Amino acid sequence: MHPESPVRPPPALRLRGVTRRFATFDFGPVDLEIACGTTVGLLGVNGAGKSTLLRLLLGLLHADDGTVEVLGHRMPADAAAAKRDIAFVSEDMAPYGAATIGWHVGYVRGLVPVFDDAWARELLGRFALRPEQRVRGLSRGQTVRLLLLLALVRRPRLLLLDEPTTGLDPRVRREVRLELAALAREAGTTILFSSHLTEDVEEIASEVVILHEGRIARRASTALLLAEGPLDSVFLDTIAMPNPPMTIPRKACA
Amino acid sequence: MNPTTVFRLAGKDLYLLRLPLAVYAGAGALAVVLASIPDRSARSLGVTLAMNVFIAACFQLVIGNVLGERERKTLAFTLSLPVSPRELTAAKLLSSVSCYTLCGVFAAVALMSLAPAGLVAGAAHGGRGLLAHPLGWIPFLALVLGGFLVPFAIVLATAVVSESLGWTIAVSSSLIFVLGNGLIMFGPRLRFLGAYARNLGRGGPALPATLVVEVALLVCILAVTFWLQQRKRSFL
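In the order they appear, the protein sequences are chains A and B.
End of the first sequence sits at 254 in the working numbering; the numbers just go up one at a time, nothing left out.
End of the second sequence sits at 490 in the working numbering; the numbers just go up one at a time, nothing left out.
If you are wondering where the hints come from, they were derived from the structure by calculation, not from laboratory data.
Note that the structure is a prediction, hence the values are computed from the model and not measured.
Hints should not be assumed to be uniformly reliable.
Said to hold, decoys possible - Stretch-level coverage of chain A by chain B, calculated; a stretch enters the list once three of its residues show a Cβ under 8 Å from a Cβ in chain B: (1) 73–84; (2) 92–102; (3) 118–130.
All residues carry an ideal CB built from backbone N, CA and C; glycine is no exception.
Take these sequences, add in the hints, and give me the full structure.
What follows is the structure, encoded as structure tokens:
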């Protein structure tokens, strides 16, 4: 390496030539690299491959070809170790209905190596949740807040969100977006979240990746896309006529 | 694989199953009480209740603890934590088998003291005094319990590997109706079964041999389940 060249920190995640074939859908090949500390919105219509990408990153799905690296760990081989620093919240996820919020916090505490009780109490206050509340009686908005709490309580370095705001009313959606934006700002957490709601992406993502038919149709900074017009229009234009992926400067790790 | 994680996950399952566990243990205890009443109808009811405990607990555990996690979307939550699919499988097998054993202990006592009356009497004749000498009846209890644990392990393996309610019901109903009824209908015609039962009743070599076979089958079924799970490439 040249002495004057800057030391490039490892990316939060890196996919190289990743493919996964299903009976009715082929994902990839996908090449993607996301720098630490960035908030990236993953846009795509239903069936575009957003959930497949997130599950590959979490090691819950094995790639047919290519390599997946998350926080320096090879997936899925090092999934359990990598998941100490990764949190995942999905619309297809639910806490245990018969248990209380306090029990869930204890359950997570028992499975992670480091746990900050004071931070857990602070988050409970921020999300207006009480430990003695039973999950079965929670509204959809409270359930999403609980899942986010259980993800954030671990202070993850990488937060993967699979359409977390689906089914929420506009007020709760806005609260969730604000919390995520605050998290990205305060803790420098890398966030990759999928959505088909461009409004969510517009508000908190610094970069956007548009997936279409299992491939990356476009990648650009949010500001650049917004300069071309409303994100909705840009998104729809892109999936109708895919452009080549763009290279954008990588941010330095915190 | 981290054993602490496996035990924590199994502990979570047992905590969430505490109510059915208590109900089935209670029903098993009631079956023992009914079995001890010297009345043919009460004894018959005890046997039926004990059999029901084994069958219902099997469905409750497999559908609730294994297949239900996916349906209720709680599997995605647990897999989002630092848990590998291998640890999750081990925990599911551990919690389901231990819960079924706990549910079935009383029911097995009821069945042991009723249905195989010849077995009990045979052991008593052999000088083992069932109640006076715990070691005299514990192997028989293990035998009855093992007789239910093996088919339960087959149903559990089907549920874990196939992740399908349809296949699980197909296999369990086959075991109950085809194998169970077949044994009831054709068993008495098989001469060697009579000799085998008499040997069991006397506490002869058939008893330890059967116990060994049961344990070996249980271990094999669970090991194959684990191996098949290892080969999966998708967990949600």
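Right, here's what the structure says about each hint:
1. 73–84: n = 5 at 8 Å, threshold three: holds.
2. 92–102: Answer holds; 8 residues pass the 8 Å Cβ test.
3. 118–130: violated (count 0)
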